[in-house]
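All chains, full assembly: derive it from the sequences and hints.
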Amino acid sequence: MAVEPRITATAFGMMWPDALVETAKHITIPIEFAMQWDNERIPREASLALFGTFSSKEETLHSNAGNHFDMPRFEADSAVRFSARHLGRAVTSAA
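One rule links them: number in this note's numbering = place in the sequence shown (from 1) + 158.
The set of hints was computed from the structure by calculation and includes no laboratory data. Yeah, the Cβ is synthetic: ideal placement off N, Cα and C, and Gly gets one too. Be aware that one or more of the hints could be misleading.
Lysine to any residue pairs mimicking SDA-like chemistry, simulated, CA-CA at most 25 Å apart [stated by the list, open to error]:
{"hint": "1", "residue 1": "K215", "residue 2": "V179"}
{"hint": "2", "residue 1": "K215", "residue 2": "A169"}
{"hint": "3", "residue 1": "K215", "residue 2": "G246"}
Beta-carbon label-pair distances, calculated as ranges [said to hold, decoys possible]:
{"hint": "4", "residue 1": "S221", "residue 2": "T181", "range": "18 to 24 Å"}
{"hint": "5", "residue 1": "R231", "residue 2": "E162", "range": "25 to 31 Å"}
{"hint": "6", "residue 1": "V179", "residue 2": "S221", "range": "31 to 37 Å"}
Spelled out as structure tokens, the structure:
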């Protein structure tokens with residue numbers, strides 16, 4: 159994302175922050191970042207620190223209660239809407 163000009167936005171999360179901190183400083187595209195507040199694998203503070211490292215002017219943080227594998231399905235739907243919006247495509251709700 160930091161070096162590929164064809165990527166113009168990204169939705170992701172649940173990442174191991176230590177491996178991404180240096181790269182995150184160079185990511186300037188719009189970001190939707192999801193995390194689990196009670197994640198037993200990735201400390202909350204580390205996820206928040208990674209989110210704070212991005213250089214994007216459009217950053218959205220989605221935090222949900224629960225453990226690592228408790229990510230709500232609606233977060234995947236949100237990521238699709240975010241990506242479609244930045245790709246200039248309409249998305250219809252499955253609900």
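Hint by hint, here is what the structure shows:
no.: 1; hint: K215 - V179; in the structure: holds (17 Å)
no.: 2; hint: K215 - A169; in the structure: holds (14 Å)
no.: 3; hint: K215 - G246; in the structure: holds (18 Å)
no.: 4; hint: S221 - T181: 18 to 24 Å; in the structure: holds (22 Å)
no.: 5; hint: R231 - E162: 25 to 31 Å; in the structure: holds (28 Å)
no.: 6; hint: V179 - S221: 31 to 37 Å; in the structure: violated (19 Å)
Against the hints set out earlier in the document, a violation occurs for number 6 only.
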